[in-house]
Amino acid sequence: MRTPRLGVLAGAVVLGAGLLAVSGPAISQEEPDATPVSGTNPVSDANPAAEGAGDAIVHLFQWNWDSVATECADFLGPNGYGGVQVSPPQEHVVVPSSEGGDYPWWQDYQPVSYSIENTRRGTAEEFESMVDTCADNGVRIYVDAVINHMTGPGEVDLPGSAGTEWEQYEYPDLFGDGEASYSYDDFGPCYDSIENWDDKGEVQDCQLLGLSDLNTGSDHVRAQVVRYLNGLVDMGVGGFRVDASKHVPEEDMGAIIGSLNEVPGFGGAPHVYHEVIGDATIPYTAYTPYGQVTNFDYQRDIAESFANGDIANLTSMPDHGGLTSDEAVVFIDNHDTQRYEPALTHVDGDRYHLATAFMLAHPYGTPVVMSSYDFQGNEAAGPPSVGEVDGNPAGWVTADSDCSSGEWICEHRSETVSGMVAFRNAVDGTELAERAEDGSSRVAFDRGDVGFAAFNATGQSWSLTASTSLPDGEYDNAAGSGGATVSGGEVSATVPAEGALALHAGGECDEDCEGGGDPGDPGEPGDPDTITATVETEPGQEVHVVGSTPELGSWDPADGVALNTDADTYPEWTGTVTMEADTEWKLVKVGSDGSAEWEPGDNRVGPATAVAWGRL
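The number in this note's numbering is simply the position in the sequence shown, starting from 1, with 4 added.
Simulated from the structure, these hints should not be mistaken for lab results. Just so you know, not all the hints are guaranteed correct.
Stated by the list, open to error - Beta-carbon label-pair distances, calculated as ranges:
no., residue 1, residue 2, range
1, E199, G433, 46 to 52 angstroms
2, G269, W602, 38 to 44 angstroms
3, E542, Q172, 45 to 51 angstroms
4, T582, E435, 39 to 45 angstroms
5, A284, S467, 45 to 51 angstroms
6, T328, Y195, 34 to 40 angstroms
7, E266, S496, 35 to 41 angstroms
8, E132, E199, 20 to 26 angstroms
9, E254, A77, 37 to 43 angstroms
10, S263, S409, 40 to 46 angstroms
11, E254, E494, 47 to 53 angstroms
12, G595, Y195, 53 to 59 angstroms
13, D78, W602, 42 to 48 angstroms
In this text, all values refer to a predicted model and were calculated from it rather than measured experimentally. We put the CB at the ideal spot given by N, CA and C, even for glycine.
Kindly produce the complete structure, drawing on both the sequences and the hints.
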């Protein structure tokens, strides 16, 4: 695991720790079932759904409270997102310097207290205002709850983000009122790091990465954790992503979750989902009595399938890791995997957005959409900041999120992704029925009689004719531009390269509907478009788009369209190109001496907005 020195500890890198330390075999997966998959959003005591909102959650990783509130009002609510997962709000350690950089992101996963008075993301007043604003827009707040542990031994000479003094195993003021504390006897019983990940007792009683492991079997500890969580619930927080759940014994977790209040406004118990990397020692299903579980088997399988363009067999979804649809929270990447196991992330461009769109179209699980900042290859780098602020003990204070800048990636705002949230909400409760395949990289399916979706994980457009249960009519494409016509139980359309087509009841075209998804007759002048290519180069190399048309150099690298980059955006290269649906092209690295290194693999075909070197 790539972490800072043990003295300061990358306490949040639970995924990295789990994946590298687990030596037991993973839970075996069932073969795909050919029967249709039910698509009912789970509603239970452990997973209540907000009235009038969908089940799609976006993880606004490290966004400050004011920015989350603004996003709820301006984008999330209007686009049908049902929830937003926010970073831990409790007082955290302050790490001015680590091997990975100043004020790393993982410092926020080492609690000093349960006070939410001040973190680098804002104050308690700003947090409460965020909760209210999001609720007013139909969006639940999901808090990333760190309840397994407190801090490691590092940085004890500095107060926490709210100014609280502390030492490892000694946390004198848990709520800022002087009424509750933790001392040495509230931890253990191991007081040493986990070494044998095949020993369940050691995994749950010893210290994860040297972090002070709370004795959650203690009535006193449980009372403080419940007080913290219920304080958030009473404020209007609608749910929790529980960090490092597998390190809390099941009976302790059950006692804590069973003590939570009902959520005012939304009603019912909080929606809880647990971070668990299932294995033979502690399976995912150990925690399903207490909420949903993050399905890392799904994440790995879907991300790798889309990365490899092998997606046709995904429509009949197996119970990944033994989790049913109602038990699973699913995702393509999260803040850990994009740093330590990046099978598919935003740097992969259209293919990544296509995988996210598929996740939203498929009925399996409750989806969480990632929204990142650019950490520029530095795994520990904290979020964009305004630097230190006089009188604020939190260190570097997080900057407002600006999706128009290169610092905040904002994957959730991609047209392909945000449009599929509306599709998901429209088809909720319907079954999936496959309608078409074309090789291993193209697939289409119905969702009942209210939705049709097609996915094309190739560099060539797909001329598709398929049967559908959608009523006749003209429909907008929820996953991008254009649309399609349904007539006589058939849909005929062109699915763009590295793109999707998604039609749903309620998404019928208005007067300016283009319809048909027709890219135009080959040979007609095309519209210039901006392309972003993720390419790592050697000093002196440029990236050119070279292809079959004169505009792309007629396969001469020197005459292709040169893309641009700079120190802030590298390895992303951007430029304006002109191509038709049948234009063949490739990326080429052109050296200062005129040398050309051609992208491997087949020629790409047709327009694309975001691509990665060598990936069709």
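- prompt: Checking against the hints above, which ones are violated?
  reply: Checked against the structure, the hints that fail are numbers 2, 7 and 8, while the rest are satisfied.
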